[in-house]
Amino acid sequence: MSRRLAPLFLLLVLACAPKATCQADTQWTLEQSTLSYHMSHPMHQVDGVSHGAKGKGTCYAGQCDFLIAAPVNSFDSGDSNRDLHMVQVTRGAQFPLVIVRTRIPEQASPLGTIYADLEVQFAGQTAKYSHVPFQVSTNGGEVKITGTIPATCSDFKIDPPSFLTISIKNEIPVKVDTTWRAAN
Amino acid sequence: MKITAISPVVRGIAIWCGLAVAPLMLAAQSADAAREIAELPSAPEPHLAISTISSGDSQEQDEKQQKTDSQSQPQNGSAPSLGDLGFTPEQAKPNAQLQALLDKRTHMLKIHQRLGIITVFPMAAALITGPMAKAKGRNGQTITEPTQANLDFHAALGGATTALYFSTAYFAVFAPKVPGVQRRGAIRLHRALAFVHGSGMIATPVLGAMAFKQEQAGEKVHGIASAHGTVAWATTIAYGAAIVSVSWPIRIHH
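So the protein sequences, as listed, match chains A and B. Residues 1 to 184 (this note's numbering) make up the first sequence, in order. Residues 185 to 438 (this note's numbering) make up the second sequence, in order.
Think of the hints as simulated: they come from the structure by calculation, not from any bench. Source: prediction; values computed, not measured. For glycine and all other residues, C-beta sits at the position ideal for the given N, C-alpha and C. Each hint should be verified, as a subset may be incorrect.
[To be verified] So these bits of chain B aren't anywhere near chain A, every CB distance computed over 10 Å: (1) Phe271; (2) Thr331; (3) Met394.
[Unchecked claim] Pair ranges (Cβ atoms, derived): (4) B:Val428 - A:Ser40: 17 to 23 Å; (5) A:Gly78 - B:Lys294: 19 to 25 Å; (6) B:Ser265 - A:Asp159: 30 to 36 Å; (7) A:Phe163 - B:Thr331: 37 to 43 Å; (8) B:Ala347 - A:Ser40: 35 to 41 Å; (9) B:Gly402 - A:Ser167: 53 to 59 Å.
Could you put the whole structure together from the sequences, leaning on the hints where they help?
Written as structure tokens, this is what we have:
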């Protein structure tokens with residue numbers, strides 16, 4: 001490349017850098033969501049549910065980037081004492097959001113099963129889950145995506161809470177039930 | 185078109201435009217970034233560790249790891265950011281003070297739980313030894329007084345129960361409260377029962393002391409002191425129910 005072309009390329013790069021000039025092809029907004037973790041103890045089975053997640057997806061150049069986040073303190077297990085303890089052990093005051101990022105090809109099958117690689121930030125740690133299956137179905141203009149993230153306490157360096165000196169199981173699978181709507 | 189085909193004037197204008205517009209664009213970008221940072225400091229600040237988990241077997245995992253690396257979740261220019269989601273700053277702001285309060289609360293409640301379970305043993309033993317510390321026989325008949333050893337042993341168990349009970353209560357009463365949290369679930373029944381066994385744990389030793397005094401005077405326990413045993417049983421039942429209530433519903437799972 002000629003050195004004389006460099007200023008023109010610089011101009012092009014700078015012009016394209018701001019988001020406004022590089023519009024995404026499609027944007028998705030999270031309409032409804034139910035996230036629920038399951039905690040298992042020899043004496044208890046507990047599900048904590050959150051409807052407080054927010055999410056966005058943008059598709060650009062054949063790839064779709066999705067970001068979903070939920071406040072840790074929005075999970076309700078039906079017992080405020082347990083929920084506060086959950087926030088404490090997951091360091092939820094210091095790291096108040098659980099954040100999930102994923103990228104999938106735009107041409108991924110619109111119906112049936114898709115496999116996604118997820119990056120989950122939670123409790124000050126980041127864990128990656130690869131090839132997680134999600135079921136996709138459509139209803140009118142909405143797309144419903146459901147699946148289970150195979151999370152464990154150790155993935156996020158969480159000391160499993162104990163009851164009567166017996167710890168809960170390491171596995172805390174998180175069920176995801178989301179409904180998305182295309183914004184444009 | 186060759187570069188030599190661009191006249192020096194056009195090239196000059198292009199470069200000038202680029203240099204003139206670039207600061208504005210950079211300023212816009214930094215303004216965007218500054219707004220995002222100000223509004224939403226990304227919750228998990230330090231990526232202390234990254235682990236990769238695959239839902240498949242280990243061979244698959246390697247492939248998927250490569251796949252993950254090649255797709256490495258990363259933000260292209262159009263990827264949504266936390267600022268796009270619309271969380272309030274309060275929802276996204278790390279709060280070290282609240283975390284410290286929660287840590288202290290959990291620490292105190294764990295001690296409360298342990299002491300509470302330990303208290304069950306002297307309490308049960310005091311109930312079992314209660315009849316052995318009681319004079320037997322009806323009025324007008326020969327009354328068998330309890331031995332001094334039985335009386336002392338029962339009184340000692342009662343004293344230990346009382347000391348442990350109020351230590352247990354201290355760690356619940358003085359555990360820090362988290363502002364703005366509405367109590368839900370089993371904890372409400374647990375607290376309601378605490379008023380029952382709390383009153384009982386004040387009344388039982390007082391009645392016990394009265395009964396002990398009457399026994400020592402060679403009298404059969406009478407008056408309000410005769411309710412010592414009944415109050416002790418009611419207190420223990422309420423105490424047991426309070427322990428079970430925070431464990432409810434119990435679903436044995438293997």
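Minimum Cβ separation between B:Thr331 and chain A greater than 10 Å? Check passes; 37 Å lies beyond 10 Å.
30 to 36 Å as the expected CB spacing between A:Asp159 and B:Ser265, which holds or is violated: Distance hint for B:Ser265, A:Asp159 holds at roughly 31 Å.
Does the Cβ pair B:Val428, A:Ser40 satisfy 17 to 23 Å? About 20 Å separates the Cβ atoms of B:Val428 and A:Ser40, which means 17 to 23 Å holds.
Does the Cβ pair A:Phe163, B:Thr331 satisfy 37 to 43 Å? This hint holds: roughly 42 Å between Cβ atoms.
Indicate whether the distance between the beta carbons of B:Ala347 and A:Ser40 respects the range 35 to 41 Å. With a Cβ separation near 37 Å, B:Ala347 and A:Ser40 satisfy 35 to 41 Å, so the hint holds.
Hey, is B:Met394 genuinely clear of chain A, shortest beta carbon separation above 10 Å? Check passes; 37 Å lies beyond 10 Å.
Is 19 to 25 Å a correct range for the gap between the Cβ atoms of A:Gly78 and B:Lys294? 21 Å, holds
Whether the CB-CB distance between B:Gly402 and A:Ser167 falls inside 53 to 59 Å: 55 Å, holds
Over 10 Å to the closest beta carbon of chain A is the bar; see if B:Phe271 clears it. It is violated; B:Phe271 is separated from chain A by about 7 Å at its closest Cβ, not greater than 10 Å.
In terms of the numbered hints stated before, the structure departs from hint 1 and from no other.
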